[in-house]
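Residue numbers (the working numbering), protein chains in the order written: chain Z, 1 to 158; chain X, 1001 to 1417.
Heads up, some of the hints might be wrong.
[What the hints assert, rightly or not] With a cut-off of at most 35 Å between alpha-carbon atoms, the simulated DSBU-like pairs for lysine-lysine come out as follows:
#1 Z:Lys121 x X:Lys1079
#2 X:Lys1260 x Z:Lys142
#3 Z:Lys80 x X:Lys1260
#4 Z:Lys121 x Z:Lys142
[As the list claims (entries may be wrong)] One side only, chain Z facing chain X, incomplete, derived with CB under 7 Å:
#5 Glu42
#6 Pro97
#7 Pro133
#8 Gln143
#9 Trp147
#10 Ile150
Calculated from the structure, these hints are not laboratory results. The beta carbon of each residue, even a glycine, is placed where N, CA and C say it ideally should be.
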Amino acid sequence: MVEKYKRQYGSGIEAQTYLGQNYFTVDRSLIPDFLRLLRDEEQFDYCVDLTAAHYPKREKQFDAIWILYSFPRNERIRVKTQIADGESLPSSFPLWPTTDWLEREVYDMFGIKFTGHPDMKRILLPDGWKGHPLRKDYDILKQDTEWVQINLGIESGQ
Amino acid sequence: MNDEKTLDPKMIASKPLDPKTIAERVPGTAGSSLTRPNAASSNLDLDAPDKPYLDSNELIINMGPQHPATHGVLRVILKLDGEKVLGTECVIGYLHRGIEKIAENRTYTMFNPYVDRMDYCAAVSNGLGYCEAVEKLMNVEAPPRAQYIRVILTELQRIASHQLWLGTHALDIGAMTPLFYTFRDREEILKIFEKYCGARLTTHAFRIGGCQYEIYPGFEKDVKNFLTFVAPKIDEYETLLTTNRIWLERTKNVGVISGKDAIALGVTGPVLRASGVKWDIRKAVPYANYSKFDFEIPVGSNGDTYDRYLVRMAEMRQSLRIVEQAINGIPEGPIMAKVPKVIKPPVGEIYHSIEAPKGELGFFIVSDGSTQPYRLRVRPPSFVNLQALDLMVRGALVADVVAVIGTFDIVLGEVDR
């Protein structure tokens, strides 16, 4: 499977294994095609999780990670891609409807937008909140003081 | 008032749902009956222009966040036509504590008790998932004796979690007796936990690398007594409900979800199995030492609330089987693997998941080689399962929404983290 896609896409895809877990590092531009191929051709029919990680020192600051599982093959893989701050990703909602809330959570926590998502808004934090808490430059004690004062009528949420 | 109210609830529930299926909108998912709200905007068209005159048919009401049947602080906005549900939208986050952010600011050891506070009805299972994920990242394995203790406590926790679910779910639907029965019997499990590690609910029973505590004298006797005590009690719950006419009317054909839709929506655990998909991580990707035990995966066929009830009842009996095999085979030996005092996993990423009572509980950890996780992501079963609520209650009655929320067995601590 790895060989096949390497031939097809060349250097845009790298396959690695760490502690027995396989993952692909894929170029951002190949993501929509590659995810569709994984679902349709390789039977990865269940999207376990979608998440991200922030590396502020890198030029492309974010890693987006899809964890996929295939019921027929009983196999789990991860797909990883790097994107810059402000860049958006195509929504995987048409492929796996389960990514609906997962994408909203990534947007809420990291500020990565997904184009084509039916309802891209915050999920865990209130709608008017400013900032994305799981970015590394967001301190653990930081909060949207303005929101807290207006909506809760208290000086600070701490 | 509207005519729908006088109809038999079963008829409404079994009516075909919204014809706008996902198969029409999305190529490649043909055959799926997954219905979705209008994709272009919010589920409910809350901003739609007002009707010229008071429309007595459509009504938007709020259920929660203080509604007792939502099992915590879940808020569901319901769009109703009389008593019939046209659409729902979940508003969550009321219990958000930023567990993932806290993890980045704590060491691996310090974060261990925090995971108990996610799914507080099954704290032991959370602890097992987290400890195993970090162990995998460090490439160590807990010794066999610790594995056995872990399996026994985790399976007891599964029974306790299902008992709590049964009691509250039946209470939501209107049966009060099961609540007293199940809480009476769950108490015996909590007593074992208390004797083992001092805590009843948020136990922090396991440590990275094994277990902190040796089993106490009389542990085996206590567990064996519990096994003989609880087996007839599970039959007793069934005499109350399984053939009860009111229970059947309220659960059969309510909240139906097909196996295909369940997979597409990422639903796991008993909800997936009740839809006929025979998939359990304990068998599919065995962790701890589950491969040593003989047990079956109960599956349902209709994917309705009643089948999910039957699946969970059968799962409790299977858990008893596992505990019985494990308690008779605890090997001698150490209970802690050789792990350094300061836990510093090598640079790398790992995803590890376990079959928690609610479904697939996964931990994705990115390590940068320091004492703190660089990024820790929890894949919560309740959060992902709850997404299916909208599909399952469309066309049903308001009272069925309560039944369906109960049947998911959600814990808001885990939904919001």
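Right, here's what the structure says about each hint:
no. : hint                 : verdict
1   : Z:Lys121 x X:Lys1079 : 20 Å, holds
2   : X:Lys1260 x Z:Lys142 : 43 Å, violated
3   : Z:Lys80 x X:Lys1260  : 26 Å, holds
4   : Z:Lys121 x Z:Lys142  : 21 Å, holds
5   : Glu42                : 14 Å, violated
6   : Pro97                : 5 Å, holds
7   : Pro133               : 6 Å, holds
8   : Gln143               : 10 Å, violated
9   : Trp147               : 13 Å, violated
10  : Ile150               : 18 Å, violated
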